[in-house]
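Below are the chains, spelled out letter by letter.
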Amino acid sequence: MPKDTGIGAAVPRTEDRRFTTGKGRYTDDFTVVGLHHAVFVRSPHAHARVTGIDKSAAEAAPGVVAVYDGKQLVGDGVGNLICGWAVSSKDGTPMKMGAWSALATDTVRYVGDAVAVVIAETKAQARDAAEMVEVEYEELPVVVDATDALKPGAPQIHPEAEGNLIYDWEIGDAAATDGAIANAAKVVEIELVNNRLAPNAMEPRAAMAVYDAGTDHLTLHTTSQNPHVARLVLSAFYQIAPEHKLRVIAPDVGGGFGSKIYIYPEEIVCLWAARKAGVPVKWTADRTEAFITDAHGRDHVSKAQLAFDSNNRITGLKVNTVANLGAYMSLFSSCVPTYLYATLLSGQYVIPNIYCDVKAVYTNTVPVDAYRGAGRPEACYLIERLMEKAAKELGVDPGELRRQNFITQFPYQTPVIMTYDIGDFSQTLDAARAAADVAGFAQRKAASEAKGRKRGLGYSCYIEACGIAPSAAVGSLGAGVGLWESAEVRVNPVGSIEVLTGSHSHGQGHETTFAQVVSDRFDLPMDNIKIVHGDTDSVQFGMGTYGSRSGAVGMSAIVKALDKVEAKVKKIAAHVLEASEADIVIEGGAVKVQGTDKQMAWHEVGLAAYTAHNLPEGMEPGLKEGAFYDPTNFTFPAGCYICEVEVDPDTGVVTVENFTAADDFGQVINPLIVEGQVHGGIAQGIGQAMLEHAVYDESGQPLSGSYMDYTMPRADDLPSFKVSTHETFCPGNPLGIKGCGEAGAIGSPPALVNAVLDALSGMGVKHLDMPLTPRRVWEAINAAN
Amino acid sequence: MSKKPVQFRLNGAERAVFVEGGQNLLDTIRRGLGDTSPKWGCGQGTCGACTVLIDGQPHLACLTLAEAVEGREISTNAGLGANGLHPLQQAFMDHFAAQCGFCTSGMLMAAKALLDRNPNPTRDEVIEAISGNICRCTGYEPIIDAILDAAKRRAA
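Line order of the protein sequences matches chains X and E. For the first sequence, the working numbering gives the first residue as 1, with consecutive numbering after it. For the second sequence, the working numbering gives the first residue as 1, with consecutive numbering after it.
With a straight-line Cα cutoff of 27 Å, these simulated DSSO-like cross-link-like pairs (lysine-lysine) come out:
1) X:Lys530 - X:Lys23
2) X:Lys624 - X:Lys564
3) X:Lys564 - X:Lys3
4) X:Lys123 - E:Lys3
5) X:Lys722 - E:Lys152
6) X:Lys592 - X:Lys560
7) X:Lys598 - X:Lys570
8) E:Lys4 - X:Lys123
9) X:Lys151 - X:Lys96
Reference listing, derived: stretches of chain X covered by chain E, where coverage requires no fewer than 3 residues with Cβ under 8 Å from a Cβ of chain E:
10) 9 to 16
11) 507 to 514
Since the hints were derived computationally from the structure, they do not count as laboratory data. Ideal placement from N, C-alpha and C gives every residue a C-beta, glycine not left out.
Using the sequences provided together with the hints, build the complete structure.
In structure tokens:
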């Protein structure tokens, strides 16, 4: 039984008192005396040369203190934006990174590319003046589709990347995979699109930069998932200020989903402008600005072949993918369609031979980077669409075909780098089938048929990699940073505990779950424990939160620090109580000598440590320990999702009737927080599968720039979800955690698409690309008939 | 730019402010009066994060001209729990209905407007009442459950 507030307990969230009473403090809620506002002048063209900028009218406008352009930025030595993960082509040549200045100097490459910034007393004044900045453009030819960008004669976007090719990367054994396909009893083929998405955290990105001339210090409040990485990159690469003179604060952050990992031009410009203009500067994106500047997600086009022997065992998988990275290489864009994608193509299956080739391409669209799942949803979608298609073509049950090919022996080395440490894929398949009442499906299908509707059932058996990642391993693959996490546990003289973590919470509930780990260890009430995060002046360093890593990596660092604190507490207590360290136990708010009535209250140990009147010989005073935790492997959350849909063949409207998730996340710290992560992830996955699509027209104009033309899942779009967890404990970290933040978004799209194709299988519809809007479904039905 | 005086009640307190022509109610509440509970999520009346009550009816503060609320009664989430936690706020906590918290104040005001006019709503009525409010984190189910639970507790 979990303690009331320990590991495994559904403890109410600490952060919810402020969130439910409207007292959360997000970047745009902060202000300072003398605050000025920044509005950016952005390119209305997808590709153009900037031949002139006339700022004079704007500079003379009311309230305006400065109008800056890219030449001034570069002139002041502000560095170009970087991509922090070096990926090489199959011929060994490094990726081709085009120059990206925070304010464009001579060329704009997507609609929204910033060319100038106006700083004024009010936002309205800045907005009015921004319209007075006259930029002369000479339009250039545009390409928005990644496969078009690779064609001979396509418009050239960066001089550094000939033919718009950033890299042509490969993984696996091409010859062996070709051999497996040549010798196969059955080859299943597919071509599919993984649709481009806009992340849409509800809080728009924002930045407030304040320069203190007296101390030569800059402070940035910003919407960041990783404030320390922001400070590092701003210092080391953009030359904004040395790290000790730059404080980055990421306060409450209203959702991230990957989009707030990156350091964008706006933060750089606000910091530079605050110092240059000598006024505090705030910028807050409006929603359309978010659509045209936040890094998008997905946007893959893939072809694949899956080979089977005559016993329906998989013998090989060959994949060719073209990944659209947009107009510039965003901070981690290069690793998403490579090391976070192709390394997961083995799915839950024994596949002896895998080969994947990925071409990453520049286009005249907003940069593409990690979005909830980041590469893993694309891999899962590909393999799970193939498995469902294979089951149809082989005439076998899709669940049983999967089971027959499941990996059952662990650890399992895939042909694409990953070593799966543990899992039980049959367990989650069985649990999902039972909860989804697969046995009763035929009856429900008949009932739907009777009212003229088509009913379908679709599976998705996903696996993903979290807990990113062993620093040496990612370093050898090109990462520019280590991916450990740090923690510091401070026991105060009165016994209260502050935990400083490099992880950042932007909806995940770390202030609750991290405190549960401490509560569990020292049997202390949640009220005694505070989780401190998101401020580079408080926390020494950290790598931040993304890739479902804060449990597996962030909490592991806390556990390491707790181990050290516990050891010192026991030493002090043993000394004061004149007992053996081995006999000391911590329980019920006290530190006791087992089997005796000798004890100290928890706070008395803290006090003893700080008064230092009676410590063991040679022990330093104080009770504060830090730890860095470097993961030993990725973690591998896995599970089975089953979606049941009804399709109205007259209108193409798809209704999700049931959605069942059975997940293995390893150790669960707070089941209701985990459930919330799964629900939210599935909602985003259903959004991708049915509703969401970031669309550009041929001239590079974004057609989905607001909630009136980009369909977000709303309350009336989603069904109730049946979710459950089934643990196999991760052997690689001290708590056995795998991670739960992205699974829903990874596992759900193929389940839904498979279900719709199952529903329409009798009507001749063999393929659909997401999103499955009524129009697309209706057109496919009509084309098939 | 000339400014106009506007007087209204915010969460029961008399307020008088000068507003610019075209200034919206959301900026007036957030910047002028320091109540940052309503959030600026889109500025286009499409996300619901700025939902406030004007004379008890839900409105999108980002699309409401500040001048238009002369003499009206405005309620925000910051005033909802003025005397301890409101039952809806408590239910949102109990049901884990907030994750990042950004949409929460708008959701709560939409929910309050619903329960004020319909104390015993069906699940579908709850869904309809919050379908103008976008939440990117939760998938909505805990929010729906919380509102239904708050209604049940109020009836009990």
